[in-house]
Amino acid sequence: MNLGLMLDAVAVLPSGIALTLTLTVLSLTAGFLLSVPLAFVRAFGRPAFSGAALAYTYVVRGTPMLVQLFLIYYGLGQIEAVRASIFWVVLRDPFWCALLAFSLNSAAHTTEILCRGLQSVPKGVIEAAASLGLKRFQTARLVTFPIAFRISLPAYGNEVVGMIKGSSLASTVTLLEITGMARQMVSTTFAPYEIFIVAGAIYLLLTSIAVKATQFLERRLSTDRRPAERARSRWRPPLPGRGITTPLS
Amino acid sequence: MGGFTAQFAAALTVTVSLGLISGCLGTAVGLFLAISKGTARHPRLANMVTAYTTIVRGVPELLIILLIYFGGTTLASRLAGRYVEVNAFTAGVISLSVVFSGYATEVFRGAIAAVPAGQTEAAKALGLSAWQRWLLIIGPQMLRLALPAYGNLWISLFKDTALVSIVGLTDIMRVAYVGAGSLRAPLTFYLAASALYLSLTTLTLLSIRMAERRYPALGR
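Protein chains in written order, with the working numbering: chain A, 24 to 272; chain B, 101 to 320.
The shape of chain B in the complex, shown without the other chains (with noise of 0.2 Å):
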């Protein structure tokens, strides 16, 4: 077991850095997503965002990431007109962003849609433009209320971040599979495994609580 510490520690820093990478851009993907569909002029586009969210959400998230991996790396070789090999940490990053993405939308959507009107159109009786009502009226009112679910976002993101090991990222579970069947002790490389994804939850976990702590649902 001694000679894979050092591969734990190495497999730990590429998880969490394919978490927190897909989870910022999905977040950012997401927070678009829920604004233009609260904004769109056309139903069109409202229409596109759900049936978007509907089909990231409703497909296993193990079946988007062998298909942009695989699919990617078909794609690209037909673009390049030679083989080239998608990076399984881009693929990960992308999968699990689109993935994320569509929660998120979900979850900021459902939040904009809490903050009361009243908001809203005091800030335009106020002579407030769209930037200045998004920015400072309706954002942190939305972003309190969308905190809890947001945080289970994050919580399930570190755990899928484990499919990602079989397209051959070397994660933590990556480590663990080689680290099982060259030593033959699986139990003891998976249960190690186990504790990393816990205490990473529980971390994740702690700072949503704290974030929670800090800034409330404001007016409940």
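Next comes chain A alone, as it looks inside the complex (with noise of 0.2 Å):
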């Protein structure tokens, strides 16, 4: 162990942070976006389009991200037509294309976690809403999903999780994120110890901050507490009117 190494180290991966942030955050920002409409599909949507959203996050969570990423990053240009569009731009970017592919892939994962979390919001719930003389937009955005986001936290926090180890893949597209600058250090120094366990330590300060902020939410957002306490969080959905109570879980 070299501590001298280890403090240089500390004083370089950081720097890699704010890329891996940045496409970890983007990625699950584009994931949630196209998940939310998938997931719908998903749990109520006609069988066809059903199966086709299964048939979609069944692929993408069956093969190795790595796959996809370089799928997208090497494969994409062998077809002359891409490379021939408007899109080659972006593709051509090392970054664009680890963005792309793991928004897919989050995409993927959000849409199970939140459709089984659709799937587990009562029926006498959504029929209350519809009764209520709320269109099928209305209680989708007011009753359906707010409800059903509560139940996936708890899944959501391990997607999160799973984003901010899995931008690490960024590195073998030549991206310098943390991982990245790493193995760009080992390279010069021939140290792989002192500078992979420093780059490990800021792995698990992120992923800890990640979990504990979804602890957070949870609790936030929890309704098993008196109105009282409720009525201080401020993150709550708005659910229409608040003598709603649901068998959770």
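These aren't lab readings, by the way, just hints derived from the structure by calculation. Keep in mind it's a predicted model, so treat the numbers as computed, not measured. Check the hints yourself; a few may be wrong.
As the list claims (entries may be wrong) - FRET-style restraints, in silico, Cβ to Cβ:
id, chain 1, residue 1, chain 2, residue 2, range
1, B, A317, A, T246, 25 to 35 Å
2, A, E241, B, F132, 50 to 60 Å
3, A, D116, B, R141, 37 to 47 Å
4, B, P240, A, P37, 45 to 55 Å
5, B, G268, A, I102, 26 to 36 Å
6, A, A78, B, Y183, 28 to 38 Å
7, B, Y315, A, T246, 46 to 56 Å
8, B, H142, A, R69, 50 to 60 Å
To be verified - A short, non-exhaustive set of chain A residues, derived as facing chain B with CB atoms under 8 Å:
id, residue
9, P87
10, L192
11, R206
12, V209
13, Y226
14, S231
15, I232
Using N, Cα and C, we set each Cβ at its ideal position, and we do this for glycine too.
Using the hints, put the two standalone chains together into the complex.
Set out below in structure tokens:
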């Protein structure tokens, strides 16, 4: 163990955090936006559409993200039409390729997570919303989705952690995020332990923060406490009326 | 593509054996850690197990593989006094076992906690020894409870084997990479690799489903 090298790594590696976080946050956001409609289709859509959504999530979740990343980064260039199109400017760039691969991957995982949440929303609540005269979109926006999101939150927390860890694959397509920086440092200093251990510690810090944040959000959104306590929570999704109690989990 | 079929077949064997060996080792370590955490008399031992699972589950698999491959080479060279290279397969088995055991410990621990306390108490009341309690009462019930989550671990494991190609193991991913480079047909080769991985995960999924039907959780 060379402490001096570890200190060097502590000084250098944090500059990769920005790229790791950018990749993680952007792909989680894109994945989430894609997955919400997909999850509704997968949970409540007609069999053909639901099957198509399942096929997408099944294939993406059944193959390694590394293969997906290489398919997009190296594979798409083989098609002449892609190289001739305007998308080539984007698909030539490793950052956008990584972002695309991570987003599609995250969308598939999040779709399955949200779908399970949507399916466990009690039927009675949806019927109650319909009987109150809410339109189908209003029911989805105000009733079904908020309840499903709350149910899915623990599983979604795992997806966030998975994405932080998965973003390390970006180092394989020359991006210099935390792992990329670490690999570069190792190739010049030949001191794998010191540097990879520091990189691991940084990842551990990031994933621990993500876990804590999810737990905090879970507590904020939980409905098992008294209304007075819940009123103090700022991030509660707007449910119509506070008297609705649903048997969750 | 023709010449690569044999290479893909050999690579499939490498990937499958890497997955199977690391999965079995990881299961053994995971079971051991979960049971020692459950029966630990000293809180320090339980805390150490928690620290292990937290670290393993909070660090990217790729980084663990890189650390064990490059770090292992440095360590072995230092110990031997000359340059010794740790084989990529060994490094892969060690790192994937570490990852698998970290997750498996948590799965088994949760399943052990889900076995009603009355079962252990009844076993004690019947005069069964600790070995008999674990083997005959808690073990069978715990394994059935753990099965769905445990199956997911195997699926992740087979996907994680692709990462070992980065340190040079000639698995499916590596053959696809080499083939894509030499024939200038990356799309074809990576699609072939995806198909192979997808059939592997499908096979795993089907076996887990069969096991779940054969051994459903008791009393639910």
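field: Those earlier numbered hints the structure runs against, lowest number first
entry: Violated: hints 2, 3, 6, 7 and 15.
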